[in-house]
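Residue numbers (the numbering used here), protein chains in the order written: chain R, 1 to 418; chain P, 1 to 459.
It should be emphasised that the hints constitute simulated quantities derived from the structure, not laboratory data. One or more hints might be untrue.
Claimed, not checked - If the Cβ cut is set under 7 Å, some of the chain R residues that face chain P in the computed set are: (1) 46; (2) 48; (3) 50; (4) 125.
As the list claims (entries may be wrong) - From the structure, some residues in chain R lie toward chain P, with a derived Cβ separation under 7 Å: (5) 27; (6) 85; (7) 107; (8) 109; (9) 128; (10) 129; (11) 133; (12) 148.
Unchecked claim - Below, in silico cross-link-like pairs of lysine to any residue (SDA-like), each with a Cα-Cα straight-line distance of 25 Å or less: (13) R:97 / P:255; (14) R:307 / R:288; (15) R:145 / P:20; (16) R:40 / R:136; (17) R:379 / R:410; (18) R:145 / P:431; (19) R:40 / P:215; (20) R:97 / P:21; (21) R:145 / P:159; (22) R:97 / P:34; (23) R:97 / P:159; (24) R:307 / R:291; (25) R:145 / P:75; (26) R:145 / P:18; (27) R:145 / P:180; (28) R:219 / P:208; (29) R:302 / R:136; (30) R:145 / P:34; (31) R:145 / P:255; (32) R:145 / P:205; (33) R:97 / P:153; (34) R:324 / R:340; (35) R:320 / R:406.
All C-beta atoms, glycine included, are put in the ideal place defined by N, C-alpha and C.
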Amino acid sequence: MIDETEQTGAPKPFGWVGLFDDPETLLRAAERVRDAGFRKWDCHTPYPVHGLAGAMGLRPSSVPLIALTAGFVGLAAAVALTAGLSVWAYPIHVGGKSLFSLPAFVPIMFELFVLFAAFAAIGCVFVFGRLGRWRSPLHDSGVMKEVTSNRFAIVLEAGDPVFQKESARALLEAAGCHEIRPLIEGGPGVPMADSTEPHGRFGGLLWRFRPSWSPGLFKAAAGALVASAFVIPLTAVALPFIEFLNDMAAQPKGKAQMTYGRLFDPAGDGWMVDRRAPEGTLSRGGETYPYADAGNTLDVAKAIGGKIANPLPYTMENMKKGRKVFETFCITCHGARGEGDGGVVGPGRFTAPPALDAPQAREYSDGTIFHIATQGTEKMPPYAEMLDSTERWQAVQYVRVLQRAMNPKPGDLDEAKR
Amino acid sequence: MTSLDPRLAPVPIVAGPADPRRLEDDVFRPMESFPTMRWWAAFGAAGLLGMLFPACIVYTLQQGIGVWGINRPVGWGYAIVNMVFWIGIGHAGTLISAILFLLRQRWRTGIARFAEAMTVFAVICAIQFPLFHTGRPWLAAYWLVPLPNDQGIYPNFRSPLEWDVFAFSTYGAVSALFWYLGLIPDLAAARDRARHPLRKLAYGLLSLGWQGSARAWTHYEKAYLIFAGLSTPLVLSVHSIVSFDFAVSIIPGWRSTLFPPYFVAGAIFSGMAMVATLIVVMRSAFRLRHIVTDDHLDVMNKIVLVTSLMVSYAYILEIFIAWYSGSLTERFAVTNRAFGPYAWATWIMVACNAVLPQLLWLRSFRRKVFLLYPLVLLVNVGMWYERFVIVVGSLHRDYLPTSWGYYRPTWVDLGLLAGSFGLFLTMMLLFCRFLPAISVTELKSALSGAQPSRDGTKS
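With these hints in hand, go ahead and build the complete structure from the sequences.
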């Protein structure tokens, strides 16, 4: 049968499988195969058979050593974790006691020893036992079915240097094996008994596409592992920011650094939070402004300027208060001397306002400046909400002072001398 | 050979004829046949009860844990009682699968898988309680695990509660891996028996393509031994650390060096009783009386009896230490337990854990289901009350008489307790239907004639 498949060139022969009914014969056969010098061969049993490893000449398992090493790695990791965090990253001082309190860390050290050793042990079974191969000639030929239901098998692989078709078969026969079958790589050696049974399209498809142990699958699994190493911590970092049931968290109160209300774009310079009072509101003890609805263009301001007179006398005290107001509110844009060079002005920031001591500004009446301060104009926001009318009038007086100071007259020096 | 007293003979692996194929058929029958009406009824009832758990949890998360009965001075109520109870239930599984394996007790073969499954599910139930006790478990990631965070705050590794995090997670992981390691060959058998491609695929994937190779077996057996060796101290450490939650504190009635061994014995006591409770039902429902025999019940009940004596000894010792220490608060705590507002709970505990199990000295009580069943049920009740007495009995009377109080559970507490039982039973019922409840591989390997009469030697 091996010959035929070789000639047709289709599936490659994998080797011979000899089936046994009792462990006794298997053990004897295993010894003969071992003595014949085979390397690529294996026994398959439904349960561990005592003494089989010796009969096969297998070396003792290295699982204990690896598990022990992993355990000590876990122990070291626990020391690093507990001591590193308790001594350096987040030291908690309790009554002047030592930060490196080893006895208190023993439970965690022990647990991580066990955890690492356990993972290493099961990892060894997976890797050394060559698990994760869902397709193999044994599965495909149905031999595995017989093994798990209490038969014993010896597989001699064709890839072994001492393997020769007839002599290998003869070896199994001589060892007392009465049932020898060829195994074929990459396909069923014998038709699977129940693969033809109808099980619905979905189930059949699933079975056909069961994973095979391939580099691609391995890479996918490794990739998933690495990805989860990133995804899991990231998820953990994101978790505190996700509200699952937000009854307790979402409360109708203001929080720092948050925007409330709508955003508006007062002058096309950029969106800002709308802090303007709703239409028609009047602050407690507040005052109404008769020209609130007149508009805020410069022309309106000039027109209205004539209608309102400055109610405050020009006194030193008023001018000083005006200076205070100016240097609190106006200075940011207009600058200390009203030249339009305030701190927020600059390329990529706010546009510079016109200089306050420009000739046309000096010709404005007090009322015009007052109206601008109240209602704003062009890019300037209104200040009626922040300053009461007295403060605005005082600011107007200080603007006058600035205008005067920025435009000295020849006689000023004489006055100072005198 | 001197004739051996039959009562001292080792428990046989199976009763009756030891035909491996028949045994395999018997074990796999529940997995391969359509569930009976009785199973559906049990599953429906357990599932409905289990639904209470998520329902109460959602309500708790929505409202905050103020809906539980806890408050000053009893800040640890049912949640901690249930946590200790469930984690204790799990300990019998590890005892059977690891300690009895190391002690070469062959009779464990028939019940080990079932008990291990119980362990895994009990740990799942147990961790729910401390997790939701934190109030906002999605934030608890930072409180429990040392995750790097922008506030630079880390858990206190000197706290027994933090030790719990490591102990529980290690215990859960190692138990689940141990369980799975044992399942692999059986899952391979299930795969090869499966006729439906879907089952074939599921068991095929789960069995990791197991081929029963002798090379794999050598590593497998070593790994199994290592798991047993690791689980043995692990199981002792877990309940010791749980007891540290209490013993490391300064609350009278808790601050005792007696606690670790006392807790471990109590855990095995309650766990073994729970195994007996469930396996009696399982073996009759799935006709496995020839694998889980009366002899098994006999041995298990002997362990229940021994651990009951240990627990009783601890009860007595607590009283002795309270007197011998000369500490007024300790004395008060002990007398308050026995005669205070929660005296009823204490006496339930003493009756169920120390007095009634003495009936197990009688052979018939160890073997006859109708006699032992009420007994093991009451042991479960008693062990729950033991944790209740420890937690609530100590907290409701602390140092300041002004803050004394009386703890009453709310309906949410009761719902969570009942729901956790529903959850546990649902998982057990599903386990019996989808996974081999008895380790066929181990059973086969232990039958007579299963092993060669001589060892293979390098001739």
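Hint check results:
1. 46: Holds - the Cβ of residue 46 (chain R) comes within 7 Å of chain P, reaching about 6 Å at its closest.
2. 48: Where the cut-off is 7 Å and the nearest Cβ of chain P is about 4 Å from residue 48 (chain R), the hint holds.
3. 50: The hint holds - residue 50 (chain R) has a Cβ within 7 Å of chain P, the shortest such distance being about 5 Å.
4. 125: 5 Å, holds
5. 27: 5 Å, holds
6. 85: This hint holds: residue 85 (chain R) lies near chain P, its Cβ roughly 4 Å from the closest one there, short of 7 Å.
7. 107: With Cβ-Cβ at 4 Å, under 7 Å, it holds.
8. 109: 9 Å, violated
9. 128: Where the cut-off is 7 Å and the nearest Cβ of chain P is about 5 Å from residue 128 (chain R), the hint holds.
10. 129: Since chain P brings a Cβ to about 3 Å from residue 129 (chain R), closer than 7 Å, the hint holds.
11. 133: Cβ of residue 133 (chain R) sits 5 Å from chain P, so the hint holds.
12. 148: 4 Å, holds
13. R:97 / P:255: 21 Å, holds
14. R:307 / R:288: 16 Å, holds
15. R:145 / P:20: 15 Å, holds
16. R:40 / R:136: Measuring from Cα to Cα gives roughly 15 Å; hence the hint holds.
17. R:379 / R:410: Given pair residue 379 (chain R), residue 410 (chain R) is violated - Cα atoms ~35 Å apart, limit 25 Å.
18. R:145 / P:431: 23 Å, holds
19. R:40 / P:215: With Cα atoms ~11 Å apart, residue 40 (chain R) and residue 215 (chain P) stay inside 25 Å; holds.
20. R:97 / P:21: Roughly 65 Å separates the two Cα atoms, so the pair is violated.
21. R:145 / P:159: 53 Å, violated
22. R:97 / P:34: Outside the cut-off at roughly 64 Å; violated.
23. R:97 / P:159: 15 Å, holds
24. R:307 / R:291: 10 Å, holds
25. R:145 / P:75: Not satisfied, since the Cα-Cα distance of roughly 57 Å exceeds 25 Å.
26. R:145 / P:18: Between residue 145 (chain R) and residue 18 (chain P) the Cα gap is close to 21 Å, so the pair holds against 25 Å.
27. R:145 / P:180: Roughly 21 Å between the alpha carbons, so the hint for residue 145 (chain R) and residue 180 (chain P) holds.
28. R:219 / P:208: Within the cut-off at roughly 17 Å; holds.
29. R:302 / R:136: Since the Cα atoms of residue 302 (chain R) and residue 136 (chain R) sit roughly 96 Å apart, the hinted pair is violated (cutoff 25 Å).
30. R:145 / P:34: 23 Å, holds
31. R:145 / P:255: 58 Å, violated
32. R:145 / P:205: 15 Å, holds
33. R:97 / P:153: Holds, at about 20 Å.
34. R:324 / R:340: 18 Å, holds
35. R:320 / R:406: 17 Å, holds
Hint compliance for this structure: hints 8, 17, 20, 21, 22, 25, 29 and 31 are not met, and every other hint is.
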